[in-house]
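**Q** Let's have the full structure, built from the sequences with the hints guiding it.
Residues per chain, in single letters:
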Amino acid sequence: MAILRSRVLWIGAAVVVIAALLPFWLSAYLLGVLTAAYYFGVFAMAWDLLFGFAGEVNFGPTFLIGLGAYTAAILNSEFGLPIPVCVVAGAIAAVLGGILLAVPALRLRGPYFGLVTLVAVLLLQNFIVIFAGVTGGEIGMTVPDVLSIDEKVNYWYALVFLTICAVLLYGLSRSTVGLILQASGQDAVEASALGFNVTKHKIAAFCISALFSGTAGAMLIFYMGTASINTVIDLAIAVQIIIAAVLGGRRTILGAALGAVFLIVANEFLRPLGQLNTFVVSAVALAVILFFPEGLLGYALHRGERE
Amino acid sequence: MTGAARLQVSGLHKRFGGVIAVKNMSFDLRAGEIVGLIGPNGSGKSTVMSLIMGIQRANAGTITLDGIDIAGWPAHRIARAGISIVFQHSRPLQRQTVLENIKLALLPDSLLRLATKTSVTERARAIAERVGLGGVLHRHPWTLPFADLRRMEVAKAVARDPKVVLIDEPFAGLTAAEIKIFSDLIRSLRDDGRAVLLVDHSVKSVAALADRVIAMYLGEPIAEGSADEVMQNETVRRVYLGGAIEAVERNDSRTDAATLLDVDCVDVFYGKAQALEHVDLRVRQDEFVSIVGLNGAGKTTLFNAISGLVPYRGSIRFAGAELRRRTAAAIARGGVVHCPETRELFGYMSVRENLDLGGGHLSAGERQRQLAWVFELFPILEQRQAQAARTLSGGEQQMLTLGRALMMQPKLLILDEPTLGLAPVILGQISKAIERLRKERSLTLLLAEQNVTFALPHSDRVYLLDHGRIAWQGDPQRFAAEMHAGYL
Amino acid sequence: MRAVQILVDGFAISSLYGLAAVGFTLIFGVSGVLNLAHGGIMVVAALVGWAAAAEFGFGTYAGTGLGILAGLATAYATYLIVVRPIQRSRAIRPEETEIFVLTGTLLWGIMIQVGMAYLFSDNPVTIRPLVAGVVNILGVRTPANEILIAVIAWSLIGLLWLLVNRTRTGKALLGASMNPRGVTLLGYELTRIYFVAWTIYGLLAGIAGVLLASFLGVSTANTGQLTASAFSIVVLGGLGSVSGSLIAAYVVGYLETMTAYLVAPTLRPIPSLILLVLVIYVRPQGLLGRR
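Going down the list, the sequences are from chains A, B and C. Residue 173 in our numbering sits at position 173 of the first sequence; the count goes up by one each step and never skips. Residue 360 in our numbering sits at position 360 of the second sequence; the count goes up by one each step and never skips. Residue 3 in our numbering sits at position 3 of the third sequence; the count goes up by one each step and never skips.
A portion of the hints provided could be inaccurate.
As the list claims (entries may be wrong) - Below, a list of computed lysine to aspartate or glutamate pairs in the DMTMM-like style, where the Cα atoms sit at most 25 Å apart: (1) A/Lys200 x C/Glu95; (2) A/Lys200 x C/Glu189; (3) A/Lys200 x B/Asp184; (4) B/Lys163 x A/Asp187; (5) A/Lys200 x B/Asp69; (6) A/Lys200 x B/Glu100; (7) B/Lys163 x B/Asp211; (8) B/Lys272 x A/Glu268; (9) B/Lys411 x C/Glu189; (10) B/Lys204 x B/Asp184; (11) B/Lys163 x B/Asp191; (12) B/Lys272 x C/Glu95; (13) B/Lys272 x C/Glu96.
To be verified - To give a feel for the contact side, a few chain A residues facing chain C, derived at Cβ under 7 Å: (14) Val119; (15) Ser282; (16) Ala283; (17) Ala287.
Stated by the list, open to error - Beyond 10 Å from chain B on every Cβ pair, some chain A residues (computed): (18) Trp25; (19) Val33; (20) Gly137; (21) Val146; (22) Ile164; (23) Tyr170; (24) Gly171; (25) Asp187; (26) Val189; (27) Ala193; (28) Leu194; (29) Phe292.
Calculated from the structure, these hints are not laboratory results. Yeah, the Cβ is synthetic: ideal placement off N, Cα and C, and Gly gets one too.
**A** Below you can see the structure in the form of structure tokens.
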């Protein structure tokens, strides 16, 4: 079978195995960093799907993530519903949000759509502040249930989640549906002329991106035990997600996950610099955009292929 | 030979804002025939194709496919009903291989399909073989030569066994040998029993291929019949050539004057397509040189190269100095003033403001004098000087374009298709203005025109540009004698 | 009494918004760039102005001048380091250039914000008002500075109008915003025109920054909000339309002031956000936009 010969499969499997063994010699602190990084990786992959495959630049992925996160958090803290139910509800809320974003996307082009996504985040942010009674406002809220208190277990939960999402998203990107999505995103007129209902496919791309973003957002909440604007909604997070995907290489899906892990880990290592770590990361990202617009993974893959 | 009418277009009408692109267009397309749609630039040919394919919506009229009215359907539904289109510009997915690109065309419009059946892959392979891409199935589009990309577009279009195939400019950018191979390919589509509609600028190639030809002008059909019948039709010839050519006696020959513009072995490539090939051209001081040729021949590309707007190989010298090293704005300031086909006016600025900007490099006094002269040449501009440029009629806009160029005190004035879309009365006015220009100021002119009748009376020399190459050069009398018959 | 206060305060803040927005829209119209580092330029001007005036003892006037120059320098840096290299990069497909420029300016804006916070901390700074004293307008005691701000803002806008409509360079600028190829064919170098556009922008944003510091105070934490307001105003008014931006600036300025006074200060930005969403859905080209 061709799939068993795939280099990606073997390298990916090796990476996952090594990652699964890390808890046996890394400190609890580093495991925590990686756990957050893995959830971030899912955020970035979901963003890359929407960008690479529907051709839509989402400047506010945290709108979808935040919807998923806060829905799950509120259901858990106000109604005491069990974690799996809350996560599913969060995912559904995010998908609804995704459809809401898809509607203007189909009618607006370029900078206008990006603007809608930015505004969506700002509105959600303000919404949460207004209803601080339920959401905890700017301070945030805690949730009574968490996935686990053992950092090793949390790490494995995150790793498994990332792996499953990566397999699903990557598989989707290489599947027949992925091919149609790519065509719709690259050249809508040509895709229509070949008989594909571009509108239907773009909405589907939004829903898929929202599903993964929302679920990951909800999972993140139950890992951290808290939900706040700074961790799941703030524009700074949105920017980091975009940087991660661009750093790793747009349209590679797996590159986005790598970029996210790299970014979070780099942030940690640069922590001694204090505030300047954001500066350094942004500067590196800017340099990548200027000199390697294909991203690091994209550049590695295409080196030699291009004229 | 030809079967029942597959596609029936009736009373088709399309306007874009104030411009009527297609007016009362009606025709039938039968199975097993090739119909060619010809007409000068702006006649609405490509718009008709977009309307049939559902990429644009018609304002009025019906389009029926095997009796079902499909006007107003979205493009993907029309595609699934059995109509395919090969666009003018190839549109491959760059990240996918040739095989994957063709496979895409075979896929059903489903959200749930994760893998393709092997039968689909086999069929894609078979289609690729048929169009001659069997050897490059696993290559990516950017590694392929231009002709192969066009082949891939045809492969995608026939993948789902369409009843009707629309082909927009199949021969653009192809060499003569490639045109022949493509024509055979298109003929094989017809022999399969499909209905084929072609649009192309190369009237000769269309004539050689089509069973029937329909000529369009300004959105309307003006002639229909066999290729020969349409070519000989009086109205068609007038529309392309502008009427009877009068050989005008030119008294001063000016062959002793210095060379002002020297175009030497110039090539221009757009990606892989070669737009100009080894073009040699000379314009002497005070000469009026015309470049004639059908649309797509490369006249605009040549002018863009001279003005520094597109990169080229070869050498272009003006008054002895190599233009390559200068920026486009510097070339314009140096006296090479280009009036493009698209005019490039500042629509929201007034006529006066447009003219003033043209004279921006002059001192205030000089600018006043130059403005007065331009107003004398084109009195209507003085009348409308406070009006916004985009509210002017086509003819007035052309006069403004000319006037603005004159404000720059050009040494060499380059005019690209100034008569495009203008009524004969306006042509007369512009013609007279050009006459005055030459008499009153020392002005060298380089003109590109499809409308030979307009170009010849003024010209000292004529070049014929065909498919990016200079096919003929000489003086106007010889042109009238030798080339007129073969022009179309 | 309240009404007059809203009227006056709203006018001052709207004038400032208008000044900044006009620059933002000019750059979009001429250079095609939506500069997400806009807030950063204003903040640099404000902080440098404060530092020069207070910390280094240059005094209010010289400090303000230095602040404006710093804003101008930042604008140039934005163009030369971020925008132009991306626009000229051959590794980026033409359809994606806009997105890359947006992301690039966003990153640059963050770098400015963090860099400034590192150098100056994120405490709000104020520049001492250029004129002291209080004036009585219809019974409301208004700082004379507010009036000066409105006067300066409108004078600058007037100067800009004169520049664009009466000078050759200004008209070339206007032409470039309509048709870049057209101005090239008329012999104007686009690189020079872009330089002029960014100079005007840098000055306008710099002046708006120092004036804001003398009126409400500025901190690095405001960077994002400042860009967001300019963005909203410009989209509301119509991308590329200067008069549209001015009108929208007053609409947003007054909406915000009214919300702050009549509802709650924390809800200040909300009505304009909602208005923005409505406009995008109903009339995406804004009030007076042409694109």
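**Q** Decide, hint by hint, whether the structure agrees.
**A** Quick rundown of the hints versus the structure:
1. A/Lys200 x C/Glu95: It holds: about 23 Å lies between the C-alpha atoms, which stays within 25 Å.
2. A/Lys200 x C/Glu189: Not satisfied, since the Cα-Cα distance of roughly 46 Å exceeds 25 Å.
3. A/Lys200 x B/Asp184: With a Cα-Cα distance of about 38 Å, the restraint between A/Lys200 and B/Asp184 is violated, given a limit of 25 Å.
4. B/Lys163 x A/Asp187: Holds, at about 24 Å.
5. A/Lys200 x B/Asp69: 24 Å, holds
6. A/Lys200 x B/Glu100: 22 Å, holds
7. B/Lys163 x B/Asp211: Holds. B/Lys163 to B/Asp211 sits at ~17 Å (cutoff 25 Å).
8. B/Lys272 x A/Glu268: It is violated: about 48 Å lies between the C-alpha atoms, which goes past 25 Å.
9. B/Lys411 x C/Glu189: Holds, at about 20 Å.
10. B/Lys204 x B/Asp184: Holds - the C-alpha atoms of B/Asp184 and B/Lys204 are around 15 Å apart, at most 25 Å.
11. B/Lys163 x B/Asp191: 12 Å, holds
12. B/Lys272 x C/Glu95: 20 Å, holds
13. B/Lys272 x C/Glu96: 22 Å, holds
14. Val119: With Cβ-Cβ at 6 Å, under 7 Å, it holds.
15. Ser282: Since the shortest Cβ distance to chain C is 5 Å, the answer is holds.
16. Ala283: 6 Å, holds
17. Ala287: 10 Å, violated
18. Trp25: 39 Å, holds
19. Val33: For A/Val33, whose nearest Cβ neighbour in chain B is about 34 Å away, the distance exceeds 10 Å, so it holds.
20. Gly137: Consistent with the label, A/Gly137 stays out of reach of chain B, its closest Cβ about 40 Å off (over 10 Å).
21. Val146: 35 Å, holds
22. Ile164: The claim holds: A/Ile164 sits with its nearest Cβ about 16 Å from chain B, beyond 10 Å.
23. Tyr170: 12 Å, holds
24. Gly171: Given a closest Cβ separation of 8 Å, the condition is violated.
25. Asp187: 5 Å, violated
26. Val189: The claim is violated: A/Val189 sits with its nearest Cβ about 6 Å from chain B, within 10 Å.
27. Ala193: 5 Å, violated
28. Leu194: The claim breaks: A/Leu194 does not keep its Cβ more than 10 Å from every Cβ of chain B (closest is about 5 Å).
29. Phe292: 18 Å, holds
Of the numbered hints listed earlier, those contradicted by the structure are 2, 3, 8, 17, 24, 25, 26, 27 and 28.
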